[in-house]
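Visitor: Spelled out from the first residue to the last, the chains are:
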Amino acid sequence: MAQSADHVLDHFDLFRGPEYQQMLDNKKMFENPRDPADVERVKEWTKTSEYREKNFAREALTINPAKACQPLGAVFASVGFQGTLPFVHGSQGCVAYYRSHLSRHFKEPSSCVSSSMTEDAAVFGGLNNMIDGLANSYNMYKPKMIAVSTTCMAEVIGDDLNAFIKTSKEKGSVPADFDVPFAHTPAFVGSHVTGYDNALKGILEHFWDGKAGTADKLERKPNRKINLIGGFDGYTVGNLREIKRIFELMGIEYTILADNSEVFDTPTDGEFRMYDGGTTLEDAANALHAKATISMQQWCTEKTLPFIADHGQEVLAFNYPVGVSATDEFLMALSRISGREIPEQLARERGRLVDAMADSSAHIHGKKFAIYGDPDLCHGLATFLLELGAEPTHVLSTNGNKAWDEKMRALFASSPYGHSCHAYPGRDLWHMRSLLFTEPVDFLIGNTYGKYLERDTGTPLIRIGFPIFDRHHHHRSPVWGYQGGMNVLVKILDKIFDEIDKKTNVLGKTDFSFDIIR
Amino acid sequence: MSLATTYSTAQIRVRNKELIEEVLKVYPEKTAKRRAKHLNIHEAGRSDCGVKSNIKSIPGVMTIRGCAYAGSKGVVWGPIKDMVHISHGPVGCGQYSWGSRRNYYVGTTGIDSFVTLQFTSDFQEKDIVFGGDKKLIKVMDEIQELFPLNNGITVQSECPIGLIGDDIEAVSRAKSKEFGGKTIVPVRCEGFRGVSQSLGHHIANDAVRDWIFDKGGPESKPRFEPTPYDVAIIGDYNIGGDAWSSRILLEEIGLRVIAQWSGDGSLAELEATPKAKLNILHCYRSMNYISRHMEEKFGIPWCEYNFFGPAKIAESLRKIAGYFDDKIKEGAERVIEKYQPLVNAVIAKYRPRLEGKTVMLFVGGLRPRHVIGAYEDLGMEVVGTGYEFGHNDDYQRTAQHYVKDSTLIYDDVNGYEFERFVEKIQPDLVGSGIKEKYVFQKMGVPFRQMHSWDYSGPYHGYDGFPIFARDMDMAVNSPIWKKLKAPWKDVPRPQLLAAE
Numbered sequence: 001m002a003q004s005a006d007h008v009l010d011h012f013d014l015f016r017g018p019e020y021q022q023m024l025d026n027k028k029m030f031e032n033p034r035d036p037a038d039v040e041r042v043k044e045w046t047k048t049s050e051y052r053e054k055n056f057a058r059e060a061l062t063i064n065p066a067k068a069c070q071p072l073g074a075v076f077a078s079v080g081f082q083g084t085l086p087f088v089h090g091s092q093g094c095v096a097y098y099r100s101h102l103s104r105h106f107k108e109p110s111s112c113v114s115s116s117m118t119e120d121a122a123v124f125g126g127l128n129n130m131i132d133g134l135a136n137s138y139n140m141y142k143p144k145m146i147a148v149s150t151t152c153m154a155e156v157i158g159d160d161l162n163a164f165i166k167t168s169k170e171k172g173s174v175p176a177d178f179d180v181p182f183a184h185t186p187a188f189v190g191s192h193v194t195g196y197d198n199a200l201k202g203i204l205e206h207f208w209d210g211k212a213g214t215a216d217k218l219e220r221k222p223n224r225k226i227n228l229i230g231g232f233d234g235y236t237v238g239n240l241r242e243i244k245r246i247f248e249l250m251g252i253e254y255t256i257l258a259d260n261s262e263v264f265d266t267p268t269d270g271e272f273r274m275y276d277g278g279t280t281l282e283d284a285a286n287a288l289h290a291k292a293t294i295s296m297q298q299w300c301t302e303k304t305l306p307f308i309a310d311h312g313q314e315v316l317a318f319n320y321p322v323g324v325s326a327t328d329e330f331l332m333a334l335s336r337i338s339g340r341e342i343p344e345q346l347a348r349e350r351g352r353l354v355d356a357m358a359d360s361s362a363h364i365h366g367k368k369f370a371i372y373g374d375p376d377l378c379h380g381l382a383t384f385l386l387e388l389g390a391e392p393t394h395v396l397s398t399n400g401n402k403a404w405d406e407k408m409r410a411l412f413a414s415s416p417y418g419h420s421c422h423a424y425p426g427r428d429l430w431h432m433r434s435l436l437f438t439e440p441v442d443f444l445i446g447n448t449y450g451k452y453l454e455r456d457t458g459t460p461l462i463r464i465g466f467p468i469f470d471r472h473h474h475h476r477s478p479v480w481g482y483q484g485g486m487n488v489l490v491k492i493l494d495k496i497f498d499e500i501d502k503k504t505n506v507l508g509k510t511d512f513s514f515d516i517i518r
Numbered sequence: 001m002s003l004a005t006t007y008s009t010a011q012i013r014v015r016n017k018e019l020i021e022e023v024l025k026v027y028p029e030k031t032a033k034r035r036a037k038h039l040n041i042h043e044a045g046r047s048d049c050g051v052k053s054n055i056k057s058i059p060g061v062m063t064i065r066g067c068a069y070a071g072s073k074g075v076v077w078g079p080i081k082d083m084v085h086i087s088h089g090p091v092g093c094g095q096y097s098w099g100s101r102r103n104y105y106v107g108t109t110g111i112d113s114f115v116t117l118q119f120t121s122d123f124q125e126k127d128i129v130f131g132g133d134k135k136l137i138k139v140m141d142e143i144q145e146l147f148p149l150n151n152g153i154t155v156q157s158e159c160p161i162g163l164i165g166d167d168i169e170a171v172s173r174a175k176s177k178e179f180g181g182k183t184i185v186p187v188r189c190e191g192f193r194g195v196s197q198s199l200g201h202h203i204a205n206d207a208v209r210d211w212i213f214d215k216g217g218p219e220s221k222p223r224f225e226p227t228p229y230d231v232a233i234i235g236d237y238n239i240g241g242d243a244w245s246s247r248i249l250l251e252e253i254g255l256r257v258i259a260q261w262s263g264d265g266s267l268a269e270l271e272a273t274p275k276a277k278l279n280i281l282h283c284y285r286s287m288n289y290i291s292r293h294m295e296e297k298f299g300i301p302w303c304e305y306n307f308f309g310p311a312k313i314a315e316s317l318r319k320i321a322g323y324f325d326d327k328i329k330e331g332a333e334r335v336i337e338k339y340q341p342l343v344n345a346v347i348a349k350y351r352p353r354l355e356g357k358t359v360m361l362f363v364g365g366l367r368p369r370h371v372i373g374a375y376e377d378l379g380m381e382v383v384g385t386g387y388e389f390g391h392n393d394d395y396q397r398t399a400q401h402y403v404k405d406s407t408l409i410y411d412d413v414n415g416y417e418f419e420r421f422v423e424k425i426q427p428d429l430v431g432s433g434i435k436e437k438y439v440f441q442k443m444g445v446p447f448r449q450m451h452s453w454d455y456s457g458p459y460h461g462y463d464g465f466p467i468f469a470r471d472m473d474m475a476v477n478s479p480i481w482k483k484l485k486a487p488w489k490d491v492p493r494p495q496l497l498a499a500e
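Residue numbers (my numbering), protein chains in the order written: chain A, 1 to 518; chain B, 1 to 500.
Among these hints, one or two may not hold up.
With a cut-off of at most 30 Å between alpha-carbon atoms, the simulated DSSO-like pairs for lysine-lysine come out as follows [claimed, not checked]:
(1) B:30 with A:171
(2) A:43 with B:275
(3) B:215 with A:402
(4) B:215 with B:275
To be clear, the hints were calculated from the coordinates, so they are not data collected in a lab. This structure is a prediction, so every number in the text was calculated from the model and none was measured.
Take these sequences, add in the hints, and give me the full structure.
Guide: This is the structure:
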């Protein structure tokens, strides 16, 4: 018995003890285990080019995808409006999943309701669920707005949100003038970034285009403001705060649309804030009058931006700007649109980032990286790596499409470090596994699930992306702006130095290189 | 600090009654009437807790429940390590449940074990329109080619499957034949079926019965010589290693565990279970169905047990040993005695720090009752509990063996009710899930996740008890709870802004 009250052994120590190891060894006789030689043979085979070829020939099976489904993005966008309760029409288990997923990443509460449709709703439609659900949510959680989206169940049976919400209002579930924007968000189309796009467009459409026929369309009266859309972003807390700081430094009047930076970062002070911060409904409506709308993520706003452009605004999309040039372009666009100068403080911040890159680039230059994640994030990180003289050798986006592929190729072609780099749209992390075995790189950048690739292939993982479940609090720091670029740089460098130390810390064997200064 | 300890049972009863009346006021009339049936104050001597259960959740209330898919893929089937489990349908379900349940296992992941891989048919619009059977066939072909050492495949249906009329049974039968009799199990666990995870457990149990037990065939013969002491652990998902810290005790008393259902389990273990002399059942809720089936069909008795906390562990070891001869009975006594010094040391260390502290629980499966004994071993008192997806037989067991008079009972509690109850009762600790954790911590109430053990564990068995005790102590007595309010502000009182 190794366990003791004085020195409590956790699972990672407890089960490594001889008693448990013996027990687990004995258990094998009941498991009909495969011959260890076979396991070894297949394990080696999965590392080969032959396996890679079969793996890349897959047409139907997806293994370890780096994407989620639409309603997750819809919920993420909806909570960015003041007092807004996301309401997902369909099966209830989905909502339990979105809430858990967001809570595990942000380490924050995530409030969202379901219309809890079951077999009878599958047969008769979910109208009654909508009528009862809206009434209950409204009474219990006192929202200022309920933003409706759908699960695949409601989509397959063809529930009509517009009609259902109208009927619910007629039945008195919520007051007639209560805001209930909606978006159809089928899980079998696109991914969570598509859901973000649909939900945001649904909300703007609601406020701008006459609230589903219940109010007059707003007339655009142009002002000087600039709207900014962050897109689906695991770093939304840090990033949107950094963006606000930049706007304020430049003296620009702005509206952040879907600003969930407060609701995903509330204080622990004795009070649970189910709603906090967010774009006010007034600002959402008045965003129509802005001079321009900037999207930080093109593929999160493929429908929203054209919708806004149709209303007479200039629109502009970035691809998750990280690093010097991408931030330069972002700031110059802000300056051009607003007519404001970029203040000296930001120039100094830029200089500090360039300074840091100059100090450390020798450690990054020429290193090969694999990156995976949402399409814009991949583009942004690849751009920064090229700036550092590194090679983003494999860039993989499960929810990236052909247009993304072309954009990545153009990026690679624009840099001398991009010549041997490839983009992999629509591929998953089992494809990435083959890539890392057959064309190894020095480092991998991705979300928490990259740890399985790190374990299997030995490629050190730098955690940037969504979700990050197994490291805490990084979402509170920005990766946008020059300061955000600094954070990314430090994160990459820390891993590089840790790896050099790990390789050189064997006493009397490798520690001649265990340098105190690097 | 705790309010509950300073009042008499009668006073608590009055307070709880008022509290229930108060929360019901928020609802529209129809909803209030329905929810009233799920909330009660336990009366000692009653055979159940006096609440309705296993009824549809009400739309829009923020139920904590999940779905049938979660009950089948997430709970029952997912942990079977040598089979590939396909999340059949759109990408989300498999993604959100990927690796998050902590069913520990030993194996070479991706080669002969597959628990922490996410296999999905990733339905696109065309699959909905034209049906997904063709895609499923191809998915299975690709699994066979790329994962040749898999011992079987299951199809975990997501919502669309049952709505678009796919015939996953026909596909499974045909592919099984084509692959030389490979076990392929279609599971009709679409998320819209039933009212919670619970029906998913039942459907998953039935799938084992129909597609594994009834399949028979030469490969279902056990590859080992039976002994009179063979038992199977049923309903332990090896969260953080729970089944391992249980198995070791059963083996120490002289039994032989021939199967684990389903944490760190394998197809061969499922197949061999009908050879067990006794099925011992931890999570009654999720696996009573298959236990009853094995009793009826193979004459295998089953007994429930509880390996949380030393009092229940000792009671359970004796109960299990009661099915066997003196050798095992003596083994149980020997093991209880062996671990007594550890138990004494844990209680001596932690009980003084936890004595009299109150706990409110809301969990699934067996835990709303099973963990009460472990808290009591540490001198703590459970003042409120409820089941996410329990049935009346769970509430009967709770009433008859676990809860005290005047305990607040809440079935399928929702966010609003739970926050109100905790706000008013102010327990010293809340034990529930990830969706609840941060709500209560913001309110300044210490919290432990009692599904995932908050990434700790094991909590089962004698080796788990010190971990449990330490975890509860560090939650309740963390210095952080004294820092809630800035010193220049007033003393904190938990509030609920959203409901004001």
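Visitor: If a hint holds in the structure, say so; if it does not, say that too.
Guide: Against the structure, the hints come out as follows:
no. : hint             : in the structure
1   : B:30 with A:171  : 14 Å, holds
2   : A:43 with B:275  : 33 Å, violated
3   : B:215 with A:402 : 46 Å, violated
4   : B:215 with B:275 : 16 Å, holds
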